[in-house]
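Residue numbering for the sequence shown follows the numbering used here, starting at 667 and increasing by one per position.
Keep in mind the hints are simulated off the structure, nothing from the lab. Don't take every hint at face value.
As the list claims (entries may be wrong) - Straight-line Cα separation of at most 16 Å, EDC-like style, residue types lysine to aspartate or glutamate; simulated pairs:
#: 1; residue 1: Lys829; residue 2: Asp879
#: 2; residue 1: Lys698; residue 2: Asp905
#: 3; residue 1: Lys929; residue 2: Glu723
#: 4; residue 1: Lys698; residue 2: Asp740
#: 5; residue 1: Lys874; residue 2: Asp905
#: 6; residue 1: Lys912; residue 2: Glu946
#: 7; residue 1: Lys829; residue 2: Asp883
#: 8; residue 1: Lys735; residue 2: Glu913
#: 9; residue 1: Lys794; residue 2: Asp883
#: 10; residue 1: Lys829; residue 2: Asp806
#: 11; residue 1: Lys809; residue 2: Glu904
#: 12; residue 1: Lys757; residue 2: Glu904
#: 13; residue 1: Lys794; residue 2: Asp740
#: 14; residue 1: Lys871; residue 2: Asp887
Stated by the list, open to error - Pair ranges (Cβ atoms, derived):
#: 15; residue 1: Val915; residue 2: Ser833; range: 22 to 30 Å
#: 16; residue 1: Gly701; residue 2: Ser833; range: 29 to 37 Å
#: 17; residue 1: Ser933; residue 2: Glu719; range: 22 to 30 Å
By construction, the Cβ of each residue, glycine as well, lies at the ideal position given by its N, Cα and C atoms.
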Amino acid sequence: MKRNVIISTLSTVLLFAMGVGSASAVTLQQVKDRGYARVAVANEIPYGYVGAEGKPEGPGPLVAEHVLKQLGIDDIQWSVTAFGSLIPGLKANRFDMTAAEMAILPQRCQQVIYSEPNTTYGEGLMVKHGNPKNLHGYADFAKMSNAKVAIMAGADQLDMLHKLGVSDSQMVTIQNNADAISTVATGRADAYAATGLTAAQLAQKSDKVQLVDNFDDPVIDGKPVRSWGGFTFNKDSEDFRDAFNKELVKFKKTDEWRNILAKYGFSSTDINQSLKKTTEELCSAE
């Protein structure tokens, strides 16, 4: 499998500004004729990111590589961009698909089209070492007006916090997960709200922060929150998405697929639960 040089966030912005990748949304045949697929990630560990050797890592990129190869596409041009730029970039045809395990939400389904789910994951909270404000869940911020929570721009934690009654004045928006540790360690925010896997990975990188052990799952509309992530495509690339879906569904029946998810920290519960929902159900959820 060929991997072209990863395009950095800055380089991506410059390329987009010059109009690179501004062609119309593509069909599968057009991707094959071109000879490569343009795939974006958000550098979010463990879902889709660039590893120490400059190679794409995570269940999003690795599953995408396998599926695209089955479709006869061996060459991938990877783009790294901010999470909040994934959908705008896809709508502007700056890349052909994303492999960031973006949660399948009705409001996003109105803007792009999704594959079937590839992963599922719960929520988590990273706090300053010692957890000085004794925070245990997102709902705590609705009870503590002096507590601030950091979220990543474009992430669905914003909607969760709103539904739990947390005010905008209590939220600190950051552009990348890499900024979360310093934001919490310096006291700019008291915690970082993210998926459980992301929060755990970040907490391992510094002894100034920690993962909340006894985390209270957010309950919204009477249901514990769990997200299902998938690959996204431009609305005009339906035949590409359909072909990708066909191979993805086949791959999810294999041990190889399960091993990829397990490698990046997904539990057996996560893996089994990822098979329990369809994109149609998730897009139409109220």
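Violated hints - listed by number, lowest first: 1, 5, 9, 11, 13, 14, 15, 16
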